[in-house]
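Starting from the known structure of chain X, fit chain V onto it as the hints suggest.
Chains as they are written, first to last, in the numbering used here: chain X, 1 to 1077; chain V, 1078 to 1193.
Read the hints as simulated data drawn from the structure, not as lab findings.
Note that this is a predicted model, so its numbers are computed, not measured.
One or more hints might be untrue.
As a list, the in silico SDA-like pairs of lysine to any residue whose alpha-carbon atoms are at most 25 Å apart [unchecked claim]: (1) X:383 - V:1082; (2) X:607 - V:1136; (3) X:383 - V:1079; (4) X:147 - X:28; (5) X:607 - X:934.
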Amino acid sequence: MRPLSEVFAPGAPTLPERLRTLVVSPERELEPGMTVRAAFTFRNHGGAPATGVQIRFNVPDGLVYLVGSGLLDGNELDDELGNSPLLSRAGAHVGDVLPNEERRIEIAYSVAGAIENGTTVELQAAVASFELPCVGSNVVRLVARSKPQLANALTCISIEAARDAVPGSQAQVTIRIHNAGESTARDVVVVSPIPEYTSYVAGSARVNGREIERELGASFDHVYAPVVLRSLPARASATLVYRVAIDAPLPGGTQIVARADAASQETPAFSLDPASLTVLSAPGFGDERTSFSADPAHGVRPGQRVRLTLTAFNAGSAAAQRVSARLELPEHLFVVRGAATIDGRPLRERRKDPLRFQLGPIDADQCVTLCVDCVLTSPLVDKSVVSAAAVLDWDDPPASSRRLECDVQVRSEPAFSARRNGLTRAGSAIAVPGGALEAAIVLENDGSADANDGVLRLHIEPALDDVAVFESGRRLALEGRSADSPDTVELGTLEAYETRRLTIRARVPSPFANARELRIGASLHTRELGETQLPDALWRVDSHPAFDRETSRLELGAQSVLRPNQLADVDVIVTNVGTDSAHNVSLRCYISPEARLESVDGATREKSSLLFGELAPAAHARARLGLRLLRGLAKDWPVTVDGLLTADGMLPVPLERLIIATNAEPDFSTGSFQSEPADTVDPGETVEWFLHVRNGGDGTARIAQITIVGSESLIYVPNSTTVNDVPIRDSGALPPFAGSRGIVLNDVDPGVEATIRWRSVVHNALPAGTSIAHVAHIRYDGERDDEIVSAELRIRATPIFANAIPGLPFGLDGMLGPALAARPRALSEDRFLQLPPATPVSEGNGSHPLAQLSAAPDDDVEDAPPEGFETTDATGTIVAFTPDRLGRTLRLLREARFRGLITHLFAVRAFLPEGVGDGRCSALGATRELLREELDRLFIKLRLPLYVLTARDVETPSLRTTLERLVQEAGAARGVPAEAPTAELTLRGTFDPKELRDLGERFAQAQLATALPWAALARLLPDETSACANYRALLLEALDGFEDADCNEFIDALQHRDDSRLDAALDAMVASLHSMA
Amino acid sequence: MLAVTLVLVVFIVALATVGYALVRPRRKSDADLLIDEFGNLSNAERCEFIFAVATLDDPSSLRLVERALDDPCEAVALAAAHALTTAGRTAPLERFLSEHPGGRAESITASLELLA
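With the rest of the complex left out, here is chain V:
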């Protein structure tokens, strides 16, 4: 009985170890940390942040702006779309709009036309 219990305990510990190895958080890159910090901001702060980093021409900022296209707040997404349009980077925006069709994409498109 004791041996069976020990085997079960070892098995459970092994399962827990494998599970933890699969789900344990990986080390995040600086860009990921930036995105994490971005996610903790309020809607207005995220808008400001997008406008601020849109002037930067580095890949991490661009990636952040592209990610913001899928922001829960439509205004933030519109800010990102406007920033990309202003910077002349329409390819990521067009790709996003084609991959996410719907009312939100239409709204963003209409707003961009207004601001053009």
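If we strip away everything but chain X, and leave its shape as in the complex, we get:
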């Protein structure tokens, strides 16, 4: 038997029903909340008292003891805590029950509120005592009757957004199913369609937090009426939750209604009260996607375009209607009209309110882009910020707007463009030493910002002087690193778009090297830009050496007169009056042929040129020339010295001609007159006289007449006179020196000696002691008369009585005398006088070795000219042609046919004789060469079109000098020249020497380039043939016609006067030569 404490244990089998006195009300069914009353009665049917009786009731599930309902025999058994001992494990002690004593135990239970329908509730009571084992009552079985109740107030649906019910946001639909019944609801089904304007958020469906889509096997929104719960106990709730996404966009105020139906196996479907959610929706431009920006925003330079972009993004959930934008631009930002676009499309140009733009409607999540081009004005301060603003207006809610701003950071700097800024040269590019240079500097800040701390640095040639900088007539201070080279000008601030003009002036030093470049440069230094180089201004120095005839000259030294065989000092002074050094300065000297350059001091001599080398500007060089007059000249016949000054890089400068007067005078003052015997002589003795005369002067004596007065004491030995051992015929009965003219010596050159020797016999009747002396007179040049007196010769007479003469077979009343025709004794050296040295004269320089002698005329020809040259004999000329020369001559005459008489000068040149007289004519060759040189040049010049003849083309001083010599020599020539052995054609001519001499004497007065020399030369032309004679005659006629004409008339005639007769005669002569050849 089980003790009482072990009965009614969970899982324990019920007690055997022994006492069937348990009455339960209700008897069959019970419902939740009902009170079940049980009454158990037992009786001691025994006999003995049952002691220690204990009674216990079970408490089945679903029933709850009603406190205070446990009664023993009507007495409450509950303790003070409301616990009933009837339900305790030990049961309630009811004490001893006497036999037949009956006891009644009552207890009440309350049916639990939630008890599953059909639940069986078994009630049993048990009693035990010390004496009796535990006895069970009958078991009363009650069946519970209950049902679930889903449709109640707690079963509902709700929808609510997580935050704001805005389109696009999510909302949560919550369906709460509450089983308000007493039993479990089975297979709870919920029909919950996704609300309109929403969409199901996949995987979001949960039932009591548990995902159900896996169980459903499909998405929640695709299953209609799913069973969300298999059972829902009574009094329990279940929650179905899923999330939906609110459609966007949606107009504001849109109602989202959530509906649901619920049902279970026990509960028919019923609808839950719908829940709704009002959508909060409005357009919005408040987020960052609506922006206003500038591109570029940094480093924008004035004048640069800036694109302002307003991006209006409707970040709201509703479309915005009538959206407009208005730009607020600062004063430094100008809108570019016509450049605005909306979404890339250009806008129609509006003149009114150009900064307001209608953007139109903008749907939610739509964007409109307004682009406006602006230009940043200039000038602007660097790193300044220009702010632009855009105000976006829309009308939902009314008068909504948003102001956006953007900044443009300015990058501004000054600029000095090369086109507007520069250093330009003012005036010519050629700089002259001593001249001024001027350059203009233009500084124009065409940048957009001020240039600060401007400093102008000049780059100036150090050689320039007086450098100054001016601005608006004001001289600016020049500073520099050092005091002696100021090169900096402080300019301060150069404001934007300001133009400053500076002028640089400097002076070129003098002298200065030629062709050197002078450069003035400048650079502008500013704090912002640093160094800005300006172009350089260039000049080229035009500096040349120069010589003029005033400062470069030939000067005669101490002597004013040049004498033959003497040195004359000529100073050459060369001064460079130019501005550059003269290189290779040389002076080519043209000295008359009669003078020779002997020495040069102060310069290097190279032939006839003097080399001075380099001569600095303003420097001068001096050289001293030693000129020696080579031969005697006539009085007042000057020696000319011409100088042609040359140097590199300059035109030759002819110096003023130096004319040196010459004074060549013969001098016969020194001589000796001696006799042999010298001191004493016996009467009847022969005395040989020696008269030594010498031209000790420096000029040629044209005529020297030597006369010696005869002595009465002497008897001349006929034909004993010799001159330099050449016997001279007596003049009648007189010795040749005793005639009226005496012995005439012609052309006695300086240094030439003449020794006149004759013999005489001392008169026998002279008393002893008589002195005999001769006096010789030498008259020359018509003016001077020198006297040479011989030493006295004394007569030594002694008495002689002898009459016997040895050698004679007879006596002779006389005395022995000197023998006649005795051989003259030669002069001994000691008879010569020591005379001053003279210039050696040789045949090579054209002088005659001895004075030409001519016999003095007889006394009966006293009226003859004193010169003694008068003769009627003509002098011959000859010109010989080889075949080659003849051909060239004829071709030259054919080519040299010019207008005017100039052609005939070429004819004179062609037929100039090669020989005059039977002697040598030294001037002829020089004349031919000079004529050839001059006329060849003239021939070339006449080929120039419209060439105008000048005087120097016709005759030059050197040609004049040579011609004079030729005329002199030809005038003195005699005879006929010899035949040329190799000539094929020989042309001869004759002329009257007197006529030529007459012409020669007029040379001195004739100016250059007159017809006179040519008339003289024409007389030397051949006249052997009739053609030649005719041509010469006509040519002489033509040239003599210009006797009184000056050079201008003659030159004009040479070029313009035609003479057909003369031309024809020349043609005839040429033709005849052709035929002769």
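Quick look at chain V alone, frame taken from chain X:
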């Protein structure tokens, strides 16, 4: 755009600088200056000049005379040829005549033969 323009400007300036450096006039020697001055003379003056400098025996004068052989004026060229012939410097003349054959050379040769 501004950068491209600047690059173009710098390029053009560089080209201009190089061009100027190539064609800028060089400094002339004294002989060249003499020749330049010679070129500015008239035909007659050039003839006279040739005759004057032909007497000088310096290299620059000789070079000038040799250059005058190619003078546009035939008379000047003839003067130079005559001057060279007279001075005995026939080598440059012969070289010139061989390098410049034609009617002008023949004319000069014939004239020189006449004046020989």
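Hints and how they fare:
Taking the CA atoms of residue 383 of chain X and residue 1082 of chain V, the gap is near 24 Å; set against the 25 Å cutoff, the hint holds. With a C-alpha separation of about 16 Å, the suggested pairing of residue 607 of chain X with residue 1136 of chain V holds against the 25 Å cut-off. Restraint check: the Cα-Cα separation between residue 383 of chain X and residue 1079 of chain V comes to about 20 Å, which is no more than 25 Å; the hinted pair holds. Taking the CA atoms of residue 147 of chain X and residue 28 of chain X, the gap is about 17 Å. The hint holds against a cut of 25 Å.
As the CA atoms of residue 607 of chain X and residue 934 of chain X are separated by approximately 22 Å, the hinted pair is consistent with the 25 Å bound.
Checked against the numbered hints given earlier, the structure satisfies every one of them.
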